[in-house]
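J.: Chain by chain, the residues:
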Amino acid sequence: MYIKASSTISHQPTFRNKGFSWQLSELNPFSALLTPDYSAFIPAMERRRMSEVLKMSIACSIDCLEQAQVSQPDAIIVGTAMGCSIHTKNFLDKIIDANEGLLSPTSFIVSTHNTIAGQIALLLKNHGYNMTHTQNTLSFEQALIDGILCINNGSKNVLIGAADEEETTIYNMKGRLDNDSIHLSCGASFFILSGEKNKALAARVADVATFGLTDDPASLMKEFMTSNNLLKGQIDLVLYANGDQNKTKELETIFGTGKIFDYQKITGTYFTNSAFAMDYAIDILSQQKHPAFDTEINKVLVCNNLIPENLGLILLDTQND
Amino acid sequence: MKIFVTAIGIVSAIGLSAEENHCSLKAGITGIARSPKYNVMLGEVKLTNEEIIALLDLPGEDFSRTTLLSLLAAKEAWGNNKIASDIRTGLISSTSVGGLDRTEEYYFDSKKNNSSETYKLMTFDNGGITERIACELGISGYIGTISTACSSGANAIMQGARLIEANKLDRVIVGGCDSIALYDIKGFSSLNIYDEDLCKPFDESRKGLNLGEGAAFLVLENDQSISITGNTPLCVLDGWNNATDAFHQTASSADGKGAYLAMVNALTKANITSDKISYINAHGTGTGNNDLSESIAIKNAFNNNIPAFSSTKGFTGHTLAAAGAIEAVFCVQAIRRQALLPNLNFSTSMPETGMIPQTIYQAGVQVEYALSNSFGFGGNCTCLIFGKV
Amino acid sequence: MLNIEDLKLSLKKEIIDELNLEEMKPEDIDDDAPLFGDGLGLDSIDALELVVLLEKYHGVKILDESLGKKVLASINSMAEFIQEENSKTL
Chain U
1 MYIKASSTIS
11 HQPTFRNKGF
21 SWQLSELNPF
31 SALLTPDYSA
41 FIPAMERRRM
51 SEVLKMSIAC
61 SIDCLEQAQV
71 SQPDAIIVGT
81 AMGCSIHTKN
91 FLDKIIDANE
101 GLLSPTSFIV
111 STHNTIAGQI
121 ALLLKNHGYN
131 MTHTQNTLSF
141 EQALIDGILC
151 INNGSKNVLI
161 GAADEEETTI
171 YNMKGRLDND
181 SIHLSCGASF
191 FILSGEKNKA
201 LAARVADVAT
211 FGLTDDPASL
221 MKEFMTSNNL
231 LKGQIDLVLY
241 ANGDQNKTKE
251 LETIFGTGKI
261 FDYQKITGTY
271 FTNSAFAMDY
281 AIDILSQQKH
291 PAFDTEINKV
301 LVCNNLIPEN
311 LGLILLDTQN
321 D
Chain L
1 MKIFVTAIGI
11 VSAIGLSAEE
21 NHCSLKAGIT
31 GIARSPKYNV
41 MLGEVKLTNE
51 EIIALLDLPG
61 EDFSRTTLLS
71 LLAAKEAWGN
81 NKIASDIRTG
91 LISSTSVGGL
101 DRTEEYYFDS
111 KKNNSSETYK
121 LMTFDNGGIT
131 ERIACELGIS
141 GYIGTISTAC
151 SSGANAIMQG
161 ARLIEANKLD
171 RVIVGGCDSI
181 ALYDIKGFSS
191 LNIYDEDLCK
201 PFDESRKGLN
211 LGEGAAFLVL
221 ENDQSISITG
231 NTPLCVLDGW
241 NNATDAFHQT
251 ASSADGKGAY
261 LAMVNALTKA
271 NITSDKISYI
281 NAHGTGTGNN
291 DLSESIAIKN
301 AFNNNIPAFS
311 STKGFTGHTL
321 AAAGAIEAVF
331 CVQAIRRQAL
341 LPNLNFSTSM
351 PETGMIPQTI
361 YQAGVQVEYA
371 LSNSFGFGGN
381 CTCLIFGKV
Chain A
1 MLNIEDLKLS
11 LKKEIIDELN
21 LEEMKPEDID
31 DDAPLFGDGL
41 GLDSIDALEL
51 VVLLEKYHGV
61 KILDESLGKK
71 VLASINSMAE
81 FIQEENSKTL
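Residue numbers (my numbering), protein chains in the order written: chain U, 1 to 321; chain L, 1 to 389; chain A, 1 to 90.
These are computed hints drawn from the structure, not numbers from a lab.
Treat the hints with caution; some may be incorrect.
[To be verified] Pair ranges (Cβ atoms, derived):
1. L:ASP275 to U:GLY175: 29 to 35 Å
2. L:SER116 to U:LYS156: 31 to 37 Å
3. U:ASP37 to A:ALA33: 24 to 30 Å
[Claimed, not checked] So these bits of chain L aren't anywhere near chain U, every CB distance computed over 12 Å:
4. ALA84
5. THR348
6. MET350
All C-beta atoms in this analysis are idealised placements derived from N, C-alpha and C, irrespective of residue type, glycine included.
Given these sequences and hints, build the entire structure.
T.: Below, the structure is given as structure tokens:
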């Protein structure tokens, strides 16, 4: 599946900054979200009801549609683990404040997980397929699988993305990941996928898979290699996320390469950060080089093992066929 | 390739099993009543969390009610199915509330009393609930969760079918669940669409919805899986489609464009003309807006030649994410029993359409294809079509 | 009780605040401009918000939809309604 456009808003200078992979340094734990002027993307009357996750998703989506010169995607598919958690918290606060009095409805109506995909469609007046996947760390990969199904069923251009905002009062992410030392962040990354090759971007999604509740991710990684006819050493770069730093040696053995890079250093931690990792991979593939390694990069694997029993794999390359 | 439904499981305000639910539909007995706790009309499942934990013989952990209801229905559907290395099996659930019942409990407590029960904050994650179901059934591999508000359950079913059709899976258990949360009661009340009395889908004097809770799951299999499991097909999932209304975040457009597109495209997918549909299980929430919009969409999709239709939300309440799955189960039963299901609390048709729903349970009818509509916030519209084997 | 001009200004500030009309100032809202449809462009959700606002800030209730349509038509009609209702309780 060819990638026609990509766009990320994050704690790093990624938005509308092609070549960003060579400019990023390790995420500053005190960094804030770097946002564009949203008024350029969203009219005021719509923007007033949007929390951060909605605004950044729409800005990235519009950026992608402009890059790809597509006015109406055939499908809009979003992955989000926490959905509109800021609005959810706001409505909980409103319930408390209102006591038994009248309650303001706005936060409620924009708090469902599918508000992101729904608001994109509303702004575009898009009547196509619209789906929201919410399988914690695998939300983006499942959105991607869904998008590929759409293309195989005849869709020409599919807008796919993932986003999560930072809201810690209603969900204990550090507890869930059993890791107090992670740097929580947030972001949105969107892409246009197409079945047709294009000159704009070099990268292609060659394969994507998810495995839930596995006790042997290493075997699954090896099987994924085999099913893609890949031998050890043939993946040029593995972008990896897992809480455990000691995993690097194991991955080097599985993939036969020393080029293993922990993408959480760049993205920070939020459940759908593998979408940012995919944009990062696309950016690296467009230059065929990563700042930390000497050799040419034509095949990148995003290996999302953020929750140890859940594995997401996205294989990207610059293969021309 | 055919996608077969080989099992169903359901828990709702009108029963704790597929059989109980169908008996209530047949007897015309609603499960909606005034809740002493919330003082609104609610379709509650008649079991406490403790009773469900005991029934399922679960360890005494702290569970979201959404997990518990899901497990009841999923276990009924899964039945004696076993994991086998030659059957690629997955699970796709759906929810809109997720574990919010626990989150809000903690949140409200902590504002009053500085609660230390922060473990309750671990349930907000929708995917975590689905993983719990998978764990109980012994499923690993493709485990996914859909969340598209009130069309979620239908979308989970559609997703399972698409993965089988694409040869990614052979068998998938699909469905959805939502449990009662004060969050939703307050939310729908704030929109002025919560009826103080029993809801009246498609009636001229309808005033809004009643909320409900519940869960339902279906097992979908391809030929390959059935040849190994030996399961008997109950019916076929012939068609599906999802489209977007793109009119407003909560209200449907006057002509129900999204709903119309979903129905028409589902018929195309099923490769049948609209006159083949014997029964429509409508979304029919009982709100002024939905029932009119959906009626117009049905009139247009069926060229004014409308088959028997009803909303069963007068029995179960609006179960949000579970609705699409619960109502899919009802459609499967309509086909199995060759019966039309009733629409409660109807007396006068809307002046705009004059449409009259099926008001009695009618057996001995030819039900060849049944269609189910589910529409959610964000203008998300899904239609499923089931047919006889 | 505020005089009507102060009440209207107050209403405009509350509306801008509660409806999150960030780019607007009170002087941008005409007293008799239609709030819904072609004027300010508010929608049905805003109508519900305004009902909440009237109760929260001015202690007045709107109990049915047709009354709501009349009262919420403009700043003028809202201010007049508040004054009428408040003079009843005096």
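J.: Is L:ALA84 truly not at the interface, in the sense that its beta carbon sits beyond 12 Å from all beta carbons of chain U?
T.: Holds: least Cβ distance 17 Å, greater than 12 Å.
J.: Hey, is L:MET350 genuinely clear of chain U, shortest beta carbon separation above 12 Å?
T.: 25 Å, holds
J.: Holds or violated: the 24 to 30 Å window for the beta-carbon distance between U:ASP37 and A:ALA33?
T.: 28 Å, holds
J.: Just double-check L:THR348 for me: nearest Cβ-Cβ distance to chain U has to come out over 12 Å.
T.: 29 Å, holds
J.: Regarding L:SER116 and U:LYS156, is the given constraint of 31 to 37 Å on their beta-carbon distance met?
T.: 54 Å, violated
J.: Starting from the range 29 to 35 Å, see whether the pair L:ASP275 and U:GLY175 falls in it by beta-carbon distance.
T.: 56 Å, violated
Of the hints listed earlier, those the structure fails to meet are numbers 1 and 2, in rising order.
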